[in-house]
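**Q** What follows is the residue order along each chain.
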Amino acid sequence: MIHGVRGDEISAGGGIGGGSVRSPADPRDERPPSLSALARRRGFGRALDRLFGWTAAVSGTLVLLILAYMVLTTTNTALPVFTSEGISFVTGTEWLPSRGVYGILPFIYGTLVTSIIAVVIAVPISLGVSLYLTELAPSWIKGPIAYAVDLLAAVPSVVYGLWGVFVLLPLFLQPAAEALSSVFGFLPIFKAPATGLSYFGAGVVLAIMIIPIISALAREVFRAVPDDDRLAAYALGATRWEMIWEAVIPRSRPGLVGATMLGLGRALGETIAVALLVGSRPTISASIVQPGYSMAAVIANQFPEADATGIRALVGVGVVLFAITIVINMAARLFVWRLVAER
Amino acid sequence: MRAARGSGAVSGTRGSGAVSGGVLSERPSWRRLWSDRVATGVMFATVLIALLPVLLIFYYIFREGLAVTNWEFLTQAPPFSYRREGGGYVNGLIGTLMMVGMATAVSVPLGILAAVYLVEYGGRNLLASLIRFFSDVMTGVPSVFVGLFVYTAFVVPFGFGALMGAVALSIIMLPIVVRSTEEMLKLVPQEIKNASYALGAAKWQTVLRIVLPSALPGITTGVLLAVARAAGETAPLILTAFGSITITTALIGEPISALPLAIFDGARTPFAAGQARAWAGALELLAIVLVFTLLARVAASRSSISR
Amino acid sequence: MNEPVFSVKDLNVSYGGNLALKDVSLDIQPREITAIIGPSGCGKSTFIRCLNRMNDLVPGAQVEGQVMYHGEDIYGPQVDPVTVRRRIGMVFQRPNPFPKSIYDNVAFGPRINGFKGDLGELVERSLRRAALWDEVKNKMRKSALALSGGQQQRLCIARAIAVEPDVILMDEPASALDPIATVRIEDLMQELKQEYSIVIVTHNMQQAARVSDKTAFLYTEVDEESMSRWGILVEYGPTGGIFTKPVDKRTEDYVSGRFG
Ligand SMILES: Nc1ncnc2c1ncn2[C@@H]1O[C@H](COP(=O)(O)OP(=O)(O)O)[C@@H](O)[C@H]1O
Ligand SMILES: [Mg+2]
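Residue numbers (our numbering), protein chains in the order written: chain A, 1 to 343; chain B, 1001 to 1307; chain C, 2001 to 2260.
Source of the hints: derived by calculation from the structure; they are not laboratory data.
Misleading hints may appear alongside valid ones.
[To be verified] Here chain B is said to cover these stretches of chain A; the calculated rule only asks that three of the stretch's residues, wherever they fall, bring their Cβ under 8 Å from a Cβ of chain B:
1) 143-157
2) 176-183
[Stated by the list, open to error] Here chain B is said to cover these stretches of chain C; the calculated rule only asks that three of the stretch's residues, wherever they fall, bring their Cβ under 8 Å from a Cβ of chain B:
3) 2069-2079
4) 2088-2098
5) 2154-2164
Yeah, the Cβ is synthetic: ideal placement off N, Cα and C, and Gly gets one too.
Sequences are here, hints too, so could you generate the full structure?
**A** Now the structure itself:
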């Protein structure tokens, strides 16, 4: 019966002009073969399909494995220092590797203070830029400005460090630190003697580094506000600023929190620029215009000279830094994800 | 887009004489107008503040860098003393190219495969959600921590070297490639996948011959940005490549330089000659990073599927 | 009388537990055009996707019953859906060329099927059969996305026939096209039916009346209590009969309602 079908087709095919006549070698002449026969012949193809799926799944799982392996190995390496120092590893204020004393509170403090300074400076600037770009700017200028700000994200951190030390320090950081302490010196946080190589100096450079991150996200967030909300505010007689304040900002709040936290996460982990600008003094100082240290910076600066225990202690610093950034980042992702889910 | 032009939405109705005076001709209060002006001014000022560092950075890198950049700089290793002038960062350039190259060769196929898993196989299942979430988390892991990990896991047994630096960079690149590729694969329309299946293509054939080629420009963008990021990384290399002032191409067992490491060194030396080389190195590194960033933009604009 | 190409028995399809198609049984004859008509949402696409196992790709879709193809159940345990789709081609509602050159679009199927012969000749032959050759022969390396909608759809037909299938399924192939392009596709179908068995879904009754030999009318049945709805086969027979003297009242209403 199957062959009957085939015969018919050949005669029918012959009835069509020109190029459509089938050559005898045409694979269709064996058709229609049993599907199950073909299925069996495709066993190799099926195996290939399964192999490909597995390869993809394994590659994906690798991401999880690497992360888990990173945490385990580093924690394990730092364990002797964690156990010998105990809680004083994170509460101790003395870092004296030569005497085997490892208290990292000054670094934790420095990391937090420089990052907070960075966020305090970067957030208002980033929001201003993003609002300008989404709400005010004539369209011809949007592209170039956004492009220029994005360019900041491409600059490697070591280049920020170099530029910070040799250009920004004499040009702005040093005079600004001195000015701050001479005007507000009565406040503990601006107490003299002031130097540009300080929490403040590192914080300013960090701020420049995270402006592109925060502003790129904030732009997305503002753009997501429906135009209807804007029109509704205008229809109620709002000025542009009132429209922004009443319609755009409230809608954007969770997204902005997420953006800020991602910027904060980046600042916490930033190493080289801080290593060059924070002043490298392992003490805690209430005054932000005085030198300090940060966790990432102490790892980069002291690693080449550290002895075996010292390296374990530095790995321990890394583990604490990792824990802090991971918490901040996961929280930020949850904020951003919730926002996306709401949309 | 916006129907009303700024505060004009209110004050513009002034003087519509037909309506009996009063209500409509009343201007918004002083305070309201004033705060609108101030807010506009502040926004404008923030743009200027944000642009200032861009100008300053590029101006100084070019000015200081070009002063030292010459053929010798591009082809020679630095002298043995920071005090001495001359020489260059070719050792760092070689190290950067080797390590970034190896890291790319490992992380790109792995990352793309992982993204294929997320989009074509995993969908919304638990494993896929975990991978997605932790790739996001991994992009936020401080790079110096990645360096510490590679140090404890690989440098301690095998010693410093290009391979160790490459491992660190590939761990940094991997999540970036995964997430950016995933976004691009999601944009490939189901219709053309169906067309492929309807022609009797198996899944792996559809993925390799239809899905990935369709998303190629977008994937390329993500890869190039990851490369740019890796090329600029310093901290993880201190702990894995360590740095060196001689030229080497050894993969393992010998410390190797990289452009960022050489710049970091130069930035910390008190000697003018060493600092000058750091500026030229910064220019060289910035040029490399910007080329990749620019190529990424070009690739993005080539994309035929992104809406 | 020929052996049917498809012999469908008691076909039931559900999506995520919701029944979409209930108890459909019909035979489809070779080298005829069989039209599937019915109101939107009655399960036409669902039905036609069962004929080449495209429903396997829809998450949550479940197919029960028998679809015999030349006497063999394509849902049989031994059967690989990939093999099924190589024998039974499909053209979709919206033209969906690959973002590749015109040539590569047509060559894709033969290539993945390990075609060993003269690929250029096969591509040309397929494009000729799809009545597209003269329009594209000088721009084979240009992107298929640059073609007009009607040309893209004929390219998709060429792409489907390049793998030398036995059956071509078409799911509203002309609904996204302008009237002139539609006429060209209809003409093309008349040519193709000399060689292929064609099943076409359409909600355009004039089109069904013009092109098809047999027509199946699907209709949505509503269960008042559970407010759930599914498609059933109301009437199936020679096209002339369905349109001039339908047996079922619902067919008559549907057919006359649209014409009137
Ligand atoms: N992929 C799918 N997932 C869930 N339900 C679907 C899907 N495709 C179709 N349906 C449902 O099946 C029914 C029939 O749809 P369909 O076959 O597309 O109808 P038609 O092609 O006749 O317009 C509809 O109720 C539709 O909602
Ligand atoms: Mg349909």
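**Q** What hint numbers does the structure not satisfy?
**A** 2 and 3
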